[in-house]
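Participant: Residue numbers (this note's numbering), protein chains in the order written: chain P, 1 to 483; chain Y, 1 to 483.
No wet-lab data here; the hints were simulated from the structure.
Check before you lean on any hint, since a few could be wrong.
Copies of the same chain are indistinguishable here, so a pair counts whether it falls within one copy or spans any two.
[Stated by the list, open to error] With a straight-line Cα cutoff of 30 Å, these simulated DSBU-like cross-link-like pairs (lysine-lysine) come out:
1. K56 to K120
2. K362 to K154
3. K447 to K147
4. K96 to K17
5. K447 to K214
6. K343 to K120
7. K47 to K17
8. K154 to K447
9. K56 to K362
10. K348 to K120
11. K147 to K96
12. K362 to K379
13. K362 to K120
14. K379 to K341
15. K154 to K423
16. K47 to K96
17. K348 to K154
18. K423 to K17
19. K214 to K228
These figures come from a predicted structure and were not determined experimentally.
Protein chains: 2
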Amino acid sequence: MIRSISESPLYPIVNPKSIAFFGASNTFMRMGSIMLSSLQALGYEGKIFPVHPTEKVVRGLPAYPSILDVPEIPDLAIIVLPTEIVCRTLDDCGKKGIRSAIVVSGGFREAGPEGAALQKELETIARRHGIRFLGPNCLGVANLHLKLNPTPIKADCQAGFVGLASQSGSFITQMFNYLYRHGMGFSAALSVGNEASIDIVDCLEYLGACPNTKVITLYIEGINRGDKFMEIAKAITPHKPIVALYVGGSEAGKQAGLSHTGSLSGPNEIYDGIFKQCGIIRAQTLTELFDYALALGTLPEPGGNRIVIQTHSGGPGATAADSCGRSGLTLPRLSPETVEKLKPMIPKTASTANPVDMTFSKNPSEDYFNIPDALLQDKQTDMLLAYFVSPGLFLERILGEMGIAEEAVGAEADKLIGDYAQKFVSLIQRHPDKPIVGFTYRSLQEKMVRTLLDSGVPVYQDPERAARSLAAVREYHERRGRM
Amino acid sequence: MIRSISESPLYPIVNPKSIAFFGASNTFMRMGSIMLSSLQALGYEGKIFPVHPTEKVVRGLPAYPSILDVPEIPDLAIIVLPTEIVCRTLDDCGKKGIRSAIVVSGGFREAGPEGAALQKELETIARRHGIRFLGPNCLGVANLHLKLNPTPIKADCQAGFVGLASQSGSFITQMFNYLYRHGMGFSAALSVGNEASIDIVDCLEYLGACPNTKVITLYIEGINRGDKFMEIAKAITPHKPIVALYVGGSEAGKQAGLSHTGSLSGPNEIYDGIFKQCGIIRAQTLTELFDYALALGTLPEPGGNRIVIQTHSGGPGATAADSCGRSGLTLPRLSPETVEKLKPMIPKTASTANPVDMTFSKNPSEDYFNIPDALLQDKQTDMLLAYFVSPGLFLERILGEMGIAEEAVGAEADKLIGDYAQKFVSLIQRHPDKPIVGFTYRSLQEKMVRTLLDSGVPVYQDPERAARSLAAVREYHERRGRM
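The following block holds chain P by itself, in its conformation from the complex (with noise of 0.2 Å):
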């Protein structure tokens, strides 16, 4: 297990100070061209080499018409060419001195034999010249941080905390924008595709050695080296959360992960243990793996599994209560010094049971402070779980009936909301050992949500979501204890 991430044959091809990039060119209807377009995008400020047999400026750099002809030795070569060309280009890179490479081409092992050989020989290129490489078949690397992006999308998200080592290179380019609304960022996405020198094991590794990564997220289609994998897997749970998607497991998944990347599967059951004895937390979904890896990335360890349910609406508070009961969390009744603080704050007819359930706001800034804070302050409960409507909703037609002119109430609304969702947020410091989650029906990107999720609270669009996500927590915690 390194210790430091410039020990991983990945440190020079997530932080390359220079890129020779082959397979761009002036025609943007190219997968090279599109990526260097995205790499241009978001600033990039380390060199950039186009390398084009006939361009002299490549999307406004200067090209060279061969590797060996670039005035430098780039960090990282990025490889977008026809399959044909891929093995005699790699050769190139290693005589300039090139020591790491992505190879995005496809037409390799997942292609049939003919496609497998020509990956042999790629192998036996890079080993003579001492190549580490991802790929063939990958999308490559988005460094956020590093405002690195050589993907065929650009990135409409922020860096953050969410590092992912995957088997499909979609799952890296095609989820900046999912991250984002979701209130998350990818620190590292790495995409291995055929793995002929670099693994998802490696990557593992690397993620693991990330200071910027908090969670680590993995999307497995099938894992070669197994025992390497626990190997490295039991060195990174104890310190850092790891959530795995496999989908290899069923019938219709086994085949389609065959013909996307060749690579083998095996049973849930055996992926199942594997995950278990290594302290990792197995998702279902897409979706299961970032809202879990959410809640793992920003909530502390629960003392225990009791839940409190905040919410004005019976409804909600009675599904969210239904979810939490699925998902292991018990709810216990409230202790009778927390029922007092809360009488003066809620109208006669709200129930001060669990869920509490206010029916409406006598004050929406206790809402949001006052009464959750109250519920924390309890030593009966470990978490706590709210619902959000918008109150932009009510806050707009009131301002509009007060008589504040039309082009005022959404700013003044936006302002109130605001300080609302920075006075939730702020429970977070007050109570640190007590994770506190929300739950709308309404989208995520209004203004009282998107502010919670951009100061760390997670909210998600289903109770069950949420109440999933916490358990999430408390078993990645169960089993680190254990291990």
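Fit chain Y to the given chain P structure using the hints.
Facilitator: Just chain Y now, with coordinates in the frame of chain P:
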């Protein structure tokens, strides 16, 4: 079982030509005022008679000191008053000749023994006058086809085909936007509250006969008239699907329901048995409730459980395959004829196994018509699940690179995407016997998917949700067949 909605006691409540409104005033921060304001905002075309002891005009409408002063007999009374004066008010309504009411006020059975006594009194008064009413402790109705929305939240959505009978008012008023975002709208939504006069069984019967309702959704904390419920449900499911979310089965859900509406719940197994016997599909979460409703309201009965997955990304294809496998759907091999048809349309590196992985688009217009059309023509397939990324992402970049002025790029891309979406939508008519469904990890509000949703193609935020919804459609038709 009624044959027309006009036979139902709910008819004047859901379709009133005139309303007496109690509890609205010119002070906006009152529930009654907010509800009246929502009603006005949607443009309800019937007459509204606010009743207020002192104010002469309420929210711009002539107000009356007593219901007895109103110049005609309104079809419906909506009562949003303090608990203490509700009985007296209903009695006055009876004297006036009103025979239908919505009692929004709480503080009755759900509030303990004193409230329960008050509810008995309310029931006696209603019986004496022959009044049928929804509530107390409810949010009444929304009939969007009639622009009728006297609930606290404005209806920022369109009328649709989803009927809802709910033991939570929140799931009506707080779901308008949710349904819109997910491609649906309510036909009629009914909140039953404490069910003192009209219960969820009456609502089910109404929705069964409602011509605007193509699928019925139920939110249940506990059913009192079990036998009648089963009789009505059995009469409906042969011609209209019912999906039910029941939360009273877990200990936590049971407790929550008890303090919410005071309803009696039973073990999950009993409800499962009832649902099965009646041909009702059970949802475990609100997300599932409306996911299934969308599929059941739009998709035809599939001929079998063989699904073909279309993707241009291996990972999403494999996760979709895994989800389909988990939901009992099988992935057939395509016929040799289909494989031949596909070959000229897809790149060499593409896979014609199932999932069909195009890897990238040779010609986007073929991706959205010719390719899925070929997959649907194949006799081996019963349904199609297609993966959607955002074509706008690339189109805007391509158009920008082509030198099209920045301000024209968005409009041009939107037009192209609209055309693609319409081509895909035209597959519904070409293949009326095969369900066509999509999934995406992008926002549902992006042009492509939004157009699909608006045109009757269900698109889900995760393949698991799509697969489970398709399985729910299968299950509905199987249960119907057995009945």
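Participant: With identical chains, the pair K56 and K120 could be close in the same copy or across copies; at 30 Å between alpha carbons, which is it: within, between, both, or neither?
Facilitator: Neither way: K56 and K120 sit 33 Å apart in one copy and 89 Å across, limit 30 Å.
Participant: Give the relationship of K423 and K17 under a CA distance limit of 30 Å: within one copy only, between copies only, both, or neither.
Facilitator: Intra 42 Å, inter 46 Å, cutoff 30 Å: neither.
Participant: My question is about K348 and K154: at a cut-off of 30 Å on alpha-carbon distance, are they close within one copy, between copies, both, or neither?
Facilitator: So K348 and K154 pass the 30 Å test across copies only (26 Å; inside, 53 Å).
Participant: When no copy is named, should K214 and K228 be tagged within, between, both, or neither for a Cα gap of at most 30 Å?
Facilitator: The answer is within: 22 Å in one copy meets 30 Å, while 55 Å across copies does not.
Participant: For K362 and K120, with the copy left unspecified, which applies at a CA distance of at most 30 Å: within, between, both, or neither?
Facilitator: between (71 Å within a copy, 29 Å between copies)
Participant: At most 30 Å between C-alpha atoms: does K348 with K120 qualify within a copy, between copies, both, or neither?
Facilitator: For K348 and K120, only the inter-copy Cα distance (20 Å) is at most 30 Å; the intra-copy one is 75 Å.
Participant: At most 30 Å between alpha carbons: which applies to K362 and K154, within, between, both or neither?
Facilitator: between (45 Å within a copy, 20 Å between copies)
Participant: Are the CA atoms of K154 and K447 at most 30 Å apart within a copy, between copies, both, or neither?
Facilitator: both (25 Å within a copy, 18 Å between copies)
Participant: Please work out whether the CA atoms of K154 and K423 approach to 30 Å or closer within one copy, between two copies, in both situations, or in neither?
Facilitator: Classified as between; 27 Å across copies, 34 Å inside a copy.
Participant: Within a copy, between copies, both or neither: where do K96 and K17 come within 30 Å Cα-Cα?
Facilitator: Classified as within; 16 Å inside a copy, 84 Å across copies.
Participant: My question is about K147 and K96: at a cut-off of 30 Å on alpha-carbon distance, are they close within one copy, between copies, both, or neither?
Facilitator: Answer is within; shortest intra-copy Cα gap is 26 Å, inter-copy 72 Å.
Participant: First find the shortest C-alpha distance between K47 and K96 inside one copy, then the shortest across copies, and answer within, between, both or neither for a cut-off of 30 Å.
Facilitator: The answer is within: 17 Å in one copy meets 30 Å, while 84 Å across copies does not.
Of the hints listed earlier, those the structure fails to meet are numbers 1 and 18, in rising order.
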